[in-house]
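Asks: Residues per chain, in single letters:
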Amino acid sequence: MFWFLPSFLTPTFFFLGLAAISLPVLFHFFRRTPKGSLYFSTLMFLQSSPPRLTRRSRVDNWLLLILRGIILLLIALGFGRIFFRQTDFLNISNLPARQVAILVDTSASMKRGNLWDQAQSEVKTVVDSLGPNDKVALFTFDNELKTIVGFSRDQPVQLSGKKDLILSSLAGVSPVWGPTQLATALINVSEQLEGVSDNDFSDEIAESQIVLISDFQTGSKRRALQSFEWPKNISVELRTLRLPSSNNATLSLIQNQGQASPADQLRVKVSNIEGATSTQFDLKWIAKGEISQQLAATAVVPAGQSRIVTLARPDAKFAGIRLAGDDFEFDNSFFVAYPDPIPERILFLGERDDTRNQLLFYLKKACSSLIGKRMVFLDERSFSADLLPTAVFVVGPVEVDQMRLIREFADNGGLVCFVVTDLKMEAALEEFFQQEVSLSEAETEDFALLGDIDFGNRLFEKFADPNYSNFASIRFWKHRQVIIPGIKPIARFDNGDLAVGGFPTGPGIAYVFAAGWHPADSQFALSTKFVGVMMSLILKSISPENLNYELGQPIDYARLMGDQDLEITLPNGKEIQLSGGKNPELIPEIDEPGLYRFESANGSKMVAFNLPASESQTDPLDTALLTQSGIALGTMDSATEKVEIERQRRDRELESRQKLWRWMLILALAALFLETVLSGYFTQKQSQVDLAKQET
Amino acid sequence: MAVAARNKPRLGRSSSRIDPDSLMRIKNLQLRSKVVVEGFYNGLHRSPFHGFSSQFSEYREYVSGDDLRYVDWKLYARSDRYYIKRFEDETNLRCYVLLDRSKSMEFGSLSYSKSDYAVTLAATLAYFLNKQRDAVGLLTFHDQLGEYIPARYRPGHFHRLLVALETPLSGKKTDLISPIRQIAEITRRRSLVVLISDLLSDPGELEKSLGSLRSCGHDVIVFQVLDPAEVNFDFQEPSLFFDLESGKKLYIDPKTAKKRYLERLQAHESIIKQACENHGIDRFQLMTDRPLEDAMFDFLQVREFSKSSSVHRQNVRARGKGVS
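Protein chains in written order, with this note's numbering: chain G, 15 to 710; chain P, -18 to 305.
The set of hints was computed from the structure by calculation and includes no laboratory data. Everything hinted at is true.
Take a look, some chain P residues computed to stay more than 12 Å from chain G by CB distance:
{"hint": "1", "residue": "Y51"}
{"hint": "2", "residue": "R59"}
{"hint": "3", "residue": "S193"}
The following residues of chain P were derived to be distant from chain G, with all beta-carbon distances above 12 Å:
{"hint": "4", "residue": "D0"}
{"hint": "5", "residue": "R6"}
{"hint": "6", "residue": "L12"}
{"hint": "7", "residue": "S45"}
{"hint": "8", "residue": "D53"}
{"hint": "9", "residue": "Y64"}
{"hint": "10", "residue": "K66"}
{"hint": "11", "residue": "Y93"}
{"hint": "12", "residue": "E258"}
{"hint": "13", "residue": "G261"}
Just a few of them, taken from the derived set where beta-carbon distance is under 8 Å, the chain P residues facing chain G:
{"hint": "14", "residue": "S85"}
{"hint": "15", "residue": "E211"}
{"hint": "16", "residue": "S220"}
{"hint": "17", "residue": "F222"}
{"hint": "18", "residue": "F223"}
{"hint": "19", "residue": "D224"}
{"hint": "20", "residue": "L231"}
{"hint": "21", "residue": "R241"}
{"hint": "22", "residue": "Y242"}
{"hint": "23", "residue": "R245"}
No residue lacks a Cβ here, since even glycine has one placed at the ideal position from N, Cα and C.
Start from the sequences, fold in the hints, and give me the full structure.
Replies: Spelled out as structure tokens, the structure:
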């Protein structure tokens, strides 16, 4: 074995012990002061009389003094945990390799202030602390994760090369307008890190770490983490970016559910973040890219709250609103587009008498109070394949040819509802269902009641709550026995006959009612349940056109514009073409808030894309919430710190193997014993000399 | 004093005195004073004769409205005139105890301090005088005046005195001048003033203050309470001495400092003694290891002497007026 210079695991104790060696000597010289102290009533009769130095002030016995010094030295060596280092000093190049994933937030909230500059300098700090063997990758995330520099074998070997690669790659990146999908990004990066660990060079990897650089705003989406089991071998270091100011307010549109707002009004919600100091905000219209000088409205919103503001809407079908009064501009522009009011078309086949006590009368009443939308009730002559209705109600006999068209409509997902009020409908039903259908008038003594209702079905699910599930008060005077093979019963009468049934037709369902809701058949139309059932029946097929979206939100372009070639004019005037039939959910070019013009063979529409509302929630997130999601938080040590930690770990191992402190303490005890013996001997000898002197 | 002339006890030292060390173990101050006084009474030899409680002074011619009880009928029989017998005006004694509560009194080489001893002495005197229906007052002092309780004889007054005596030491230095002047100003009537202190302060103005007290007609007794260690200075080991009052500290080797200390203490005592003698003040040095009954004997001896000389002076005055 080759031994080098002695080292100490706890050098503080050693140096304290060294200092203690001087104490016996110092005690000798400081013994001039008397040991005792005494409180006396008065010193008025006393004069200072310092005790004279005695021989004890000088060193009497050098041997004992040296021995005591050795004892203290041995104790100091023992407590200093002395050991001998036998290997060379640890070098930075000998450090085991780590894989470090730098994950930088490029969501819209990072456009605030100098956050992006802070993020870049943080990346530089992280890169500077890397060791030569470390593997590093750079990811950015907003709505999706982007790999800027991946873990690949063709990474530069030299540390400087890696640093240059990361920093030069980062220079070409800037924050975009997307939302902060924090959870998705973390999960994806952790999976990539695990994938790298599983590769063939995993032996070299000592640990995996993610350095997450973000502003950690509360709008960050982190729900997916709750259902994800975080890998134990990956730790995350959070590097939080902060700005001194925290005032931020934002706008969002209040969309009416199914009911269009008055044509001349627009309702927007002004939200102010928690802890903001600004509370007054001005709203102005943006017309043709320029902010109007005229104030549209002023909103006073306390911190952490929101207020609804109703604005007088301009005539145009689209507009922009600008908010002023907060510190950050990135989310202050809001765009809105209004769809053309298109009436819903309902085809009603059968008795078109809409006088009181007729089926159509109650259906119209229900629809008008139902959705507030303009409804147009068509007859059989208006039905054509070019202009399809929202729903088809068949309440009487229909010609077979027309039934074929209706079947085709149902196969394409259209809503068809049969109300069997006439036994002559049998032929039409057979044509529709393409199978034998049996209709007969049911015999009831007095009235029938709904006995068995499937509250899991969409028609009745609103009434599943026991407070509303009582249908026993609705009496059916007459109904028909309807037997259609394969039909799924939704409700049955108390005598077991089918009351309401559903028959799947491709993507849609055809409903069959065995009795009418009008008073001639039942009390159904007069009950409070009727409107609810009709609402459930019709609303599915009514979908108000939405022209306001958030960036990063998947959009069914085919539904919006038809399955045609599409030309999109971006807010900056640039045009892009999309061929029909591809139907992408996200178009990469739609990447900033504004009004986009969509043009196809079906016409032209302005569509508003806005910043995701979550991005405006810029108040800081409590990072402890990430820990609750199971993420192992940690800190990334720099290479030099790592060397120091590694050196200490090796020292501890070496010292625990050698255990020299035991020998030091044993030697100290031995020296203490020797000192005791010698001290006793010298004292005895001295007393003998004193006795001899007295005798003489 | 209420103890009549013929009923006066003959004073003598009792051999059954209580050891102060044992006495101080009694925590209750009232009980402590009671023990001393009761023990002291047991040691007195009482006279078997009973007499009047007042001394005859003079005759005066009766005037309308005088109390007929005081008419001397024998003299009327002899002279056929009404005369009223007048007696010496014997009011109860008014005694003020001046108690030093400075920091220096906190010193004690025994199991108790000078302050404990002085407080017990004050309480004992108060109890004794209270038992004889005399009015007792209290004035404590350090560098300022402390508690002041006027001399009274009434139920509960003794308890008030005890409460005042049991307040903890709060002062620092000793100022003998102000309290003595203060008591001279407060007490208009002739009183007995008992000063209990270690007198370990500058004696310069003490003589003037005592003189002013005497000039007001007050009888003054000084009990100088000292610890044996202060008188003998028999410390052995060199030590760092802290002054209890000033906080000053000195390294003292007792072997070398003792002689000088005793000389200066002696000189200090001489000044005080001279000052007391100049004004006819009785001064007693009480070592804290001495039984408290000694102090009581000293006190009573002084009172005995003072009383007899006072009666003597009164008789001389009565004879001078020619009425007998």
